[in-house]
Amino acid sequence: MDAAAPHDEPESPPAGEKPSLSEELYLPEILKGLATTFKHLIRPEKFTVEYPEKKKPIPQNFRGEHALKRDAQGRVKCVACFLCATACPSECIHITAGPTPPEWTDREKYPTKFEIDMLRCIYCGMCEEACPCDAIELTSKFYQVSETREEKYFGKDTLLRQPMKREYPDQG
Amino acid sequence: MTKFKVNGKEYDAPAGTNLLQFCLDHQIYIPHNCYHPALTVAGNCRMCMVKGKGLDLRPGVMTSCTLSVREPGPKQEMLEIETEAPEVIKAREGVLEFLLINHPLDCPVCDQAGECYLQDYSFTYGKDRSRFVEPKNIRHTKDVGDHVKIWGNRCIVCTRCVRFCEEVVGTGELAVVERGDRNVVDNFPGLPMSNLMSSNTVDICPVGALLDKEFLYQARVWFMETAESVCPSCSVGCNTKVDTYQGAVKRFRPRENQAVNQWWMCDIGRYNHKFTAAPDRLGLPKRRGTTAAGAVEWTRCSLDGALGDVRTALDRVVHAEGGAAVAGLASAWMSNEELWLFKGLMADMIGARDLGLLTAPDGVRTTFKKGFVIESDRNPNRRGAAEILGRAAAERGLATVLDGIHAGRIKAALVIGGIPEWAPPPELVAALRKLAFLAVVDVADSPLAALAHLVIPGATWVEKDGTFTNAQGRVQRFTRALAPPGVAAAETELLQRLAAASAAGAPDATGAKVLSAQSVFGDLAARVAAFAGLNYHDIGTQGKLLAGATGAAAAAPAGAAASGG
Amino acid sequence: MYAFLIPLLKIVVVMAGLFGAVPVLVYFERRIAAFIQDRLGPNRVGPMGLFQPLADAIKMIFKEDIVPDHVDRVLYVLAPVLAFVPPALAFAVIPFGHPIRLLGDRIDLAIAPAGMGVLFLLAVGSTSVYGIAFGGWASNNKFSLLGGLRSSAQMISYEIPLVLALVAVLMTAGTLDLGRIVAQQAEFHLGILPAWNLFHQPIAFLIFFIAAFAETNRLPFDLPECEPELIGGYHTEYSSMKFAMFMMGEYVAMISMSALLVTFFLGGWSFPGIDPTSTALLSGIASVVAFAAKVAAVLFVFMWVRWTLPRFRYDQLMNLGWKVLIPLALLNIMATGVVGVA
Ligand code: SF4
Ligand code: SF4
Ligand code: SF4
Ligand code: SF4
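Residue numbers (this note's numbering), protein chains in the order written: chain A, 93 to 264; chain B, 172 to 736; chain C, 1470 to 1811.
Hints may contain errors.
Stated by the list, open to error - Quick list of in silico lysine to aspartate or glutamate cross-link-like pairs, DMTMM-like style, CA-CA up to 25 Å: (1) B:313 - A:200; (2) A:131 - C:1498; (3) B:445 - B:616; (4) B:384 - A:198; (5) B:412 - B:317; (6) A:147 - C:1507.
None of these hints come from the bench; they were simulated from the model.
Take these sequences, add in the hints, and give me the full structure.
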C-alpha cells in the first residue's frame, strides 16, 4: 500500500487476529468496564439541565415558533408570494392573497390570511430561506405550549404578535 | 418540397413555411415572445435568433420568425440555420438583458410567475446579473378592459395583444403608445377593451403585463391542478383547461383545437364558473314535507333513501296508471352518456312515453374577424340530445309533456340535468306545479327544485367525466376537475342507481356496480347509429365527428386552421 | 395458637419486606443508571425523587388493563402470577438471621427452616421459567413467543451450571440445611478471614454468580426481553398491573438470587463481631441487618453490571453456558472431590 496516500481507509485489524487471553477470559475486561462505570457513578458533575428552573442558552439560529415581520410603517412585510408555502415540505402554510388597501401605495398584494399549522410544521426553516422579502422568521421562542389544537393553528395576528428573534436572544 | 438544414440535419418542407414554426413543430425549441401562430409575424422581440446562411442571406444571426423556407436561386446555397451556435447564445443573452432593463422583476407578486416566458427564458438562456444601474422606468398600471388590467412596467412590447385585437377580434382597442423606452400598451382613447374575446390577451401576453382581474391573486399557478374540459356555455364547445386550487375552480383557459376554437375562448364561457362554488349548490338530497301550520318544510335525507323513493313513487304511478302517466325531462346540459342512461331508464325501464328536453334560452350569435364564433345556442349538447333522444323528443317533447300535464294525463315526472343559473319559463313552472309527484335532479337550489317533492343533488360538468356533442357534431370529452359537493354525484351514477333500485323501491341501489362514463359511452356507440364507430378513448383531447357530420356548423374557416401550421 | 402465630408473623414480615423492597430497588436502579450515565435520574417526586416509585405504582394501577383479543386467556392471566410467586417462595427457607430466643422460645429467623432447604430451593427455582414461557405462549405474538422460548432455553441451560456449582459447595458443607451452611461460614480462618464459601469455592462462586444473571434475565443476559429485537419479548402484550407483576417478579427474583448468593457464598447473616452462637434479640437484629446489607451489596452489583455490559448474542450465551460454565463446574466438582479425599 502506498503510505503517502493521505486518504486511504484506516487499516482494519488483520483478519484472523485472535483476541488476547485476557479478552478471551472476559473477566478482566468486565472488571475494567465496571471500573469505568463506577468512576462515572461517583463523578459529581452531571450533564442533566433541570429544565424549568435552569435553561440552556438558546443559540441565535435556533428555529422556534414563526413570526411575521412588520415593515417600517408597521404593516405586514409579507407580499403573499407563496414562496414559503411552496418551499414548505410539510405543506402547513396556508395563505390567501388579496389586493392591498388603497392607502398602501407602494405595494399591491398582501396576505389577507396567513395561517401556519404549527402542529404540522417541522421547524425546518425552509420558509425563512425561501422568503424574498425577509418577512417570515423562525424566532427563538422555545416554550410552545397550548391547551388545544386550535391554539396551534396560528393566524396572521398571532404570527404578527410573536417576539422577534433579535429582541429575545436567549428567552425560553 | 424544398430542402434546408437545421443544426446540420436536412429537412424538407413546402416553400413558404415559417422556419420558427417548423422548428417548434419538430422538437427544436427556439425561444420566442412575440411570435404567435395565429398572428402576423412582427419580429420585434428579437428572442428567436438563429444563425443563418445560404440563399441571399447575409451571414450572421437573424430572427427565425421572419425566415421562411425558400428554394435557393442560381449560384445560391441551400438555407441552413443553427439554433444553438455561440453567436446565438450570446445574442439571446443580450436580448434578455435588454428586456430586463426596465422590467420590475416582481415575480413574487406577479400572477404570471410560473407560466411566464420571460421568467423561463431568463432562467434558461439569460445571464444571472444585470449591468444596468440607472433607475428603472415607471409605466402605468391601469384597467384596459372589463376583465383585463395592464401592468405597464412588465410589458415587453411584443404587440401580441395589439395584433390580437386587430387581427383576430377585429376591434383593435389596443395600441402601443409613447416612444423608445417608454413604449407601453394602452387603449385607444375612449375605447376600452370590452370585446367578448378580450381575456384571450391575458393568455397570449408572454409576461404578466396583462392579467385577468378576476383571477388576480387567487392562486399561484404551480399550485393549481389542471383538467382538460370543454366549455358548456354555447354549442361551439371550445376546448378548455379547468384550473382548480384547493377544490375550487379558479379559472378556465382555452385549449388549442384547430377544428373548434383554434387557441381561443370567449369571455362568456371563460367566466361562467361562479355557480360551481355558489352557496346554493345542493350537497344533500331533500324531501318536501308540510309543517303542522301547512307551510312547506324540507327535510334532508340520504342519497340511497332519496333514489329509492323516487323509483318507488314513479313505479307506483306506472302501476296505477300506466307508463304514459310518467314523463321525463332532460336538459341539453347533460352529457351524451347521461342522456343515453336517461332514455334507458325512462323509456325502456319505467315505460314513460313522453320525454322532453330543457334548454337554456338562445343568445346572440357573434362572429369575429378571423372566424371565431359564439353560437346563439347556449347549450353544450343540443345536438347530442337530438341524436340520442330523437329529433322529435328534442324539439317538440317539452311541448307534448306540458300538454300532457295540463290534460291530466301525466301525473309524475323526473326532471334531470339542471342548467346552472337558469330561469325556467313560467309555463313550465305552472305545469310542473300540477304534478302529483315531481323529482328533480339539479346542481343548485333552483326554481325547479323548489317545485319538487324530492330533490337530488347532481354534478356540474367540471365535477364529472363525459362527452358533449357540439353543433358541428363533434363529440368532445370533458374530465373531472374536482369532487361534487356533499353526497352529490354525477348523473351517470344517479341514473344507474335509479335503474338498479328494485321495482319495489328497496333502497339497495348502493350494491349495484356503477359503470364509468367510458363504459356507458361504449354502450351508446353500439346502439345509436350516429355514434357508431366512436369510442371514448379515441375521442381523445381533440374530439371526433359523429358519423355523417361534416363539421361544418361552426367550423373555423379553412384558412385560419391552416395558418396554425 | 402461639406456635401458629410466629410463622405467620414471619411470613408477613418477610413478604412485606420483599415487596416493599421492589419499588425501592426500582428507584435505586433508575438513579444508579442515571449516575453511571452522568445524568440525574428521577429526582422530582418527593425529596430526592424518593416518591417516584409511588408515582410509578399509581400510574401502573390506573392504567387500562388490556387483554388482547387473540390471547389464550387462562395462561395469559396466569403467567404474571407464575413469574413472581416462585422467586418469592425461595424466601421460605432462607435464614436471614441467627436464631433468637424470645419469651423463652427459640425462634429460627427463617420462615421454614428445613433440613432439605437446598433441594426445596432448586425445585421451586426451576418453576419460575413457567411464568415467562406461558407469558410468551399465551400472548400469541411471535415476538413474545420468541422471548418465551429464549427464556426457557436460557433458564434450563444455566440451571445446570448453577446447580453444579452448588454441588461443589454442598460437598464441602456436607449438609443440605441452609441454616447449618450459614453457621459453618460464621467461623474464621486464621482469626480474620471469614470462612465464607467464596474463599473455599471461588470457581463455584463465579459460576453461580454468572448463572444468577442468566436465571434472573438480567443484562447481559436479558435476551428474553431484548427490546431492540423482540420489542419487550414475553411481556409485549401486557399492560397495567399484569405488566407490573412481571416487573416485580424480575426484581423479586433478583432479591432471591442475591439472598441465595449471600447465603451460599458470602456467609449469610454472619458478620465479624456477631456471635453466631448468641440468641440475644439485639444480636439477632444485627444479624438480620448484616444479611440485608450483604443482599443490598449484591443487588448493587447486579445493577452496576447491567449498566456496564452490553447484551450477549444468543449464540454467545449458549456457548458460555454449555461450553464453558458446565465443564468448569464439573471440573470444579472433581477438584473438590480430589481435595476432599486427599
Ligand atoms: S419551518 Fe419548515 S415546515 Fe415549518 S412552516 Fe416553515 S417551511 Fe414549513
Ligand atoms: S415567502 Fe415571505 S413574502 Fe412570500 S408569502 Fe411567504 S412570508 Fe410572504
Ligand atoms: S412578467 Fe414574468 S418576469 Fe416579469 S415579474 Fe412577472 S413573472 Fe416575473
Ligand atoms: S401587454 Fe403583453 S402582449 Fe401586450 S405588448 Fe405588452 S407584453 Fe406583449
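Hint-by-hint comparison with the structure:
1. B:313 - A:200: The hint holds at about 13 Å.
2. A:131 - C:1498: holds, 17 Å
3. B:445 - B:616: holds, 15 Å
4. B:384 - A:198: Cα-Cα ~19 Å, so holds.
5. B:412 - B:317: This hinted pair holds, its Cα atoms lying about 22 Å apart.
6. A:147 - C:1507: At roughly 18 Å apart (the allowed maximum being 25 Å), residue 1507 of chain C and residue 147 of chain A satisfy the hint.
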